[in-house]
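Please work from the sequences and hints to get the whole structure.
Protein chains in written order, with this note's numbering: chain P, 6 to 118; chain L, 634 to 748.
Just so you know, these hints were derived from the structure itself, not from any lab. Please read all numbers here as calculations on a predicted model, not as lab measurements. Heads up, the beta-carbon is just placed ideally off N, CA and C, and yes, glycines get one too. Don't take each hint at face value.
Derived coverage of chain P by chain L (criterion: at least 3 residues anywhere in the stretch with Cβ under 8 Å from a Cβ of chain L; other residues may be distant) [what the hints assert, rightly or not]:
(1) 72 to 83
(2) 107 to 118
Pulled from the structure, derived: some chain P residues nowhere near chain L, Cβ distances all over 10 Å [as the list claims (entries may be wrong)]:
(3) Ala34
(4) Tyr37
(5) Gly65
(6) Gln86
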Amino acid sequence: QQQVKQSPQSLIVQKGGISIINCAYENTAFDYFPWYQQFPGKGPALLIAIRPDVSEKKEGRFTISFNKSAKQFSLHIMDSQPGDSATYFCAARGTGGGNKLTFGTGTQLKVEL
Amino acid sequence: NAGVTQTPKFQVLKTGQSMTLQCAQDMNHEYMSWYRQDPGMGLRLIHYSVGAGITDQGEVPNGYNVSRSTTEDFPLRLLSAAPSQTSVYFCASSYLGQGANSPLHFGNGTRLTVT
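Spelled out as structure tokens, the structure:
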């Protein structure tokens, strides 16, 4: 079953606009919430991550907002650029040991000129 | 420093054939894992390992075997390929450690088609 739900499935944003991708989780035993970025033909790469004791984390144009009570977190890409066009995955790590990540289904972002 | 290397990049199998997907990392990572990526389903964990000699099942382990004889290598074996195993397979590795938020480093994947 899908423990991390991600939306939207695809997103088209104009250059300079804000891209917003949302995720919701069901398992309260998750302790780490990373976002991965994937370009065609490549493996996913870590973009930004947050722990559940923090409500927001910003790195450059990328911000994660985290709402623990609602079990939701989102990625905001400010001033979106064509080079940001990629597939984005949210993920959550269980506390049972190892570095097991449960991924969302992915969002294909296209930034148009 | 090559990171995570996966071979082959592409493979076509007939139903019932077996094969091994290779994964090697040169970062001395304790943790290694295999995911499959299917359209609309994200990445799903197949098997993982927290060190040499230790492996465990993930979310979708049926039809796959793994072993971890060295820190560097974590091969994935398909014993009798089925069309449902047509997918893109990713190997990923990371450090372990209490409280560590070590990112997973992914290889560039193996695209497998089973006919």
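query = Should the label of Gln86/P as a non-interface residue stand, given a Cβ cut-off of 10 Å to chain L?
reply = holds, 23 Å
message = A cut-off of 10 Å on Cβ-Cβ distance, and Ala34/P was said to be off the interface with chain L. Does that hold?
response = holds, 15 Å
Annotated coverage of the region 72 to 83 of chain P by chain L, confirmed only when three residues or more have a Cβ within 8 Å = violated (count 0)
query = Are there at least three residues in the region 107 to 118 of chain P whose beta carbon sits under 8 Å from a beta carbon of chain L?
reply = holds (count 5)
message = Beyond 10 Å on every Cβ pair: is that true for Gly65/P relative to chain L?
response = Nearest chain L Cβ is 17 Å from Gly65/P, so the label holds.
request  = Check the non-interface label on Tyr37/P: least C-beta distance to chain L beyond 10 Å or not.
outcome  = violated, 6 Å
Taken one by one, the earlier hints fail for this structure at numbers 1, 4, listed in ascending order.
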